[in-house]
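Undergrad: Sequence:
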Amino acid sequence: MSEPVVISLQVGGVADVKRAFQAVSDLVVKSAQQSARAALDGDRAVVKSAQASAKEKERAAKQAQKAAETAEKLGVKAVTAAAKEKDKLAKQSQKTAETAEKQKARAAEQAAKAQVRAWLKGDREIEQMRARGVREFERDEAKKTRAVEREAKKRAAAEERTVKAGQRAREDFAKATGSKVGGAVSSVMGGAARLAGAALTLGGGFGIADSAAAEMKAGGMAADIANSGSLPGGKQFTSKEVLAAAREQTARHGFSDEESLKALQNFTSRSGDLQAGMGSLGKLAELSRASGTDMGELGDVAGKLRGSGQAKDDKQMMQMLRVFAGQGQKGSVELRDMASVGGRLLAASSQLGAKTDEDRNKNLATVGAMAQVAVAKGGAVDSAEAATSASRFMSDVSGNEKRFRAMGVKTTENGVVRDPQALIQDVLAKTKGDTGKIQGLFGDQSAKSVLGFASVYRDAENEKKGSGSSAVEAEFSKFIKAAASEEEVRAAAAKRTAEADVQLETAMNSLRTAVGREVVPQVLKLVPVIRDATPHIAKLMQSLVKLAEWAEKNPLEAATAGLGVVIAGALTKEIASAAIGKAASSAISVAMGSASFPPAAGIMIAAALVLLMKEAFDKEMARKVETQTKNAFAYQDADKAKTELQRKLSSGEALTPEEIASAQKTLVEGRAKVDTMKKGEADEKEMDKSLAVGLRTATLGLYDGGFNEANADKQKAAAASTKRTEDSLNELASALAKATEAAKANAAANNGGKANPNDPSRSAPLSSGARGGTQ
Numbered sequence: 001m002s003e004p005v006v007i008s009l010q011v012g013g014v015a016d017v018k019r020a021f022q023a024v025s026d027l028v029v030k031s032a033q034q035s036a037r038a039a040l041d042g043d044r045a046v047v048k049s050a051q052a053s054a055k056e057k058e059r060a061a062k063q064a065q066k067a068a069e070t071a072e073k074l075g076v077k078a079v080t081a082a083a084k085e086k087d088k089l090a091k092q093s094q095k096t097a098e099t100a101e102k103q104k105a106r107a108a109e110q111a112a113k114a115q116v117r118a119w120l121k122g123d124r125e126i127e128q129m130r131a132r133g134v135r136e137f138e139r140d141e142a143k144k145t146r147a148v149e150r151e152a153k154k155r156a157a158a159e160e161r162t163v164k165a166g167q168r169a170r171e172d173f174a175k176a177t178g179s180k181v182g183g184a185v186s187s188v189m190g191g192a193a194r195l196a197g198a199a200l201t202l203g204g205g206f207g208i209a210d211s212a213a214a215e216m217k218a219g220g221m222a223a224d225i226a227n228s229g230s231l232p233g234g235k236q237f238t239s240k241e242v243l244a245a246a247r248e249q250t251a252r253h254g255f256s257d258e259e260s261l262k263a264l265q266n267f268t269s270r271s272g273d274l275q276a277g278m279g280s281l282g283k284l285a286e287l288s289r290a291s292g293t294d295m296g297e298l299g300d301v302a303g304k305l306r307g308s309g310q311a312k313d314d315k316q317m318m319q320m321l322r323v324f325a326g327q328g329q330k331g332s333v334e335l336r337d338m339a340s341v342g343g344r345l346l347a348a349s350s351q352l353g354a355k356t357d358e359d360r361n362k363n364l365a366t367v368g369a370m371a372q373v374a375v376a377k378g379g380a381v382d383s384a385e386a387a388t389s390a391s392r393f394m395s396d397v398s399g400n401e402k403r404f405r406a407m408g409v410k411t412t413e414n415g416v417v418r419d420p421q422a423l424i425q426d427v428l429a430k431t432k433g434d435t436g437k438i439q440g441l442f443g444d445q446s447a448k449s450v451l452g453f454a455s456v457y458r459d460a461e462n463e464k465k466g467s468g469s470s471a472v473e474a475e476f477s478k479f480i481k482a483a484a485s486e487e488e489v490r491a492a493a494a495k496r497t498a499e500a501d502v503q504l505e506t507a508m509n510s511l512r513t514a515v516g517r518e519v520v521p522q523v524l525k526l527v528p529v530i531r532d533a534t535p536h537i538a539k540l541m542q543s544l545v546k547l548a549e550w551a552e553k554n555p556l557e558a559a560t561a562g563l564g565v566v567i568a569g570a571l572t573k574e575i576a577s578a579a580i581g582k583a584a585s586s587a588i589s590v591a592m593g594s595a596s597f598p599p600a601a602g603i604m605i606a607a608a609l610v611l612l613m614k615e616a617f618d619k620e621m622a623r624k625v626e627t628q629t630k631n632a633f634a635y636q637d638a639d640k641a642k643t644e645l646q647r648k649l650s651s652g653e654a655l656t657p658e659e660i661a662s663a664q665k666t667l668v669e670g671r672a673k674v675d676t677m678k679k680g681e682a683d684e685k686e687m688d689k690s691l692a693v694g695l696r697t698a699t700l701g702l703y704d705g706g707f708n709e710a711n712a713d714k715q716k717a718a719a720a721s722t723k724r725t726e727d728s729l730n731e732l733a734s735a736l737a738k739a740t741e742a743a744k745a746n747a748a749a750n751n752g753g754k755a756n757p758n759d760p761s762r763s764a765p766l767s768s769g770a771r772g773g774t775q
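The letter at position 311 of the sequence shown is residue 311 when you use the numbering used here, and the numbering goes up by one with no holes.
Treat the hints with caution; some may be incorrect.
[What the hints assert, rightly or not] Quick list of in silico lysine-lysine cross-link-like pairs, BS3-like style, CA-CA up to 27 Å:
(1) K235 to K330
(2) K430 to K465
(3) K95 to K62
(4) K355 to K478
(5) K665 to K744
(6) K315 to K481
(7) K113 to K88
(8) K84 to K95
(9) K665 to K678
(10) K102 to K62
(11) K48 to K113
(12) K66 to K102
(13) K84 to K62
(14) K464 to K432
(15) K315 to K235
(16) K91 to K113
(17) K673 to K738
(18) K410 to K355
(19) K330 to K362
(20) K716 to K640
(21) K312 to K355
(22) K437 to K377
(23) K362 to K315
(24) K84 to K66
(25) K432 to K410
(26) K640 to K723
(27) K91 to K55
(28) K410 to K362
(29) K679 to K640
The set of hints was computed from the structure by calculation and includes no laboratory data.
Construct all of the structure, not just a fragment, from the sequences and the given hints.
TA: Put into structure tokens, the structure is as follows:
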């Protein structure tokens, strides 16, 4: 048993939060300092500009004063020139002042931008700090999650090992005995007997004979389909073309030849278009795998859609089938059920007006919605009754037009039945969803297509007045718009095909096909040989009937008495000396003379000898496997008890006296079972010796000793099972001792159970130690 996993979780959140707040505080101070520096730079620029302006004004004043003095000296003319110069200087001063103001404004703007940049930088750094904190938190959480997942995986692995251990023990014996005894039998029968296929198989019960039969059946079906689908004066198909098309388009989805050909056969019989069916098989297989619909039923519905003209091409046909598939996923009737009644739904929808393909698709979806709701809420028991209800709806509406008109409900439009959705909405609005009034308008069957929507109408009206018609429209819309897209079907099919069961079936189908292709030509060559050998086989069977009955009732006596000798004595010289093979022929000829028979007779005689012995042998092997399987799982009771004790000890739970007594009982019973297993191993060894003698005699001394080798492996497997059980019992004993000591310590901590029942220490875990009870 694996040691318990202890997960240590450290709380680091407080320190992280403190660091985050300190970082934010530092960033705010830093941002303020940057803003202050930007403002100081602006003020300095303003002061510098003002000083420059003052100096310029002072220089202009001095020049003006100097000009005035010069004017006095030069007279009026000079005064005029000086005035002009003064005016010029004043303008220059004004311009200088304006320039200074602009510089001041620019400096202020730059300071403001610098402050904004500082704020933005601070925000970015704060966001980065927050993101780092989130990432650190997520990493911590992920670390905790991984620790929990590892613990869960360990528990799951331990449980899986428990199951697989027993499985291994069963397989140890089955593989060793099956492969080695099968090898010995194969050597007796020879290559020709393997071709006969009666006694030999390939992996998991897969037979060569089955492969050959499946290949021949597939060829026959393909030939029938090719004949029925080849039109006089038109395209002629061969069975090879039909079979190749079926395999090419459907094999990747895990369908057998028979399933694919059945779908193609149904499609062709309904549509009369074999070529269209061969081209559609791949998409039908994809939809079948995605929806779980039987390929044969799907081919039948697809053929009806094409044959009726409702679907004029492959694209339109698949769109209709996807409608049924999508509705099946949202409603009560799945595609596999809709497939069986699709023809009737199609016939009902054809009574509605349609000008375009889109109209036809919508009509079919509308009738499908009626069938879905009839089963879900209208009282129809299955898809067949729902389809009947939809069909009767059309005929009742057409035949009772006056009754509907009297109520103010229009039933037809442009000479055909009006859109069922609008018609049903009008009926429900007039009757307020009253069941009695609805049944008065429709027959018993057709009413079920309406009563389901009546239920939707009433529920909506009870919640909100005036919402019933909208609710009915929404219910129709849910199914009309439910058609699965081509991409959705492809994805669903790929997902289903990837599952283990389909993968295995795909591989096995490929194997059957490959083997069948190789075997069938050889079987055809054997037909005349088998026909010539028939009289000899008949004589052999007559001689073996009574002997087989005795061997079935007395398998061990037949084995130990030497079944081969009994057979040789019971048969005539003609049969006994038949050509079983070189080794067998030599062995028989020495004792009984020589004769020559067709090889096929020898094949059948050899097979009969082995199969006769095999029946008794298999019964004994089945008993052995059953015993070995039971022994292989003997350790599980001890393992479960040990696991429960260890779980309670590790979690600090106190064990009750009853639980300890139960574990002790499991321990005692387990040890007694081990004693029985050891005794049984000794008995089995003696029985194996008798079987070995019987098998050697039955095969006329040709047996190669593989049985002894197989039994040696079996005995190792049995010993391994016994050891596993003993190890589990020893571990249980150790856990039980610890649990008993813990229970005693817990009792002592509570004064032998005399403590106050309300004392918290009575419910304390064992790991917490004694707290002291009431004296």
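Undergrad: Of the numbered hints stated previously, which ones are contradicted by the structure, given in increasing order?
TA: 1, 7, 12, 16
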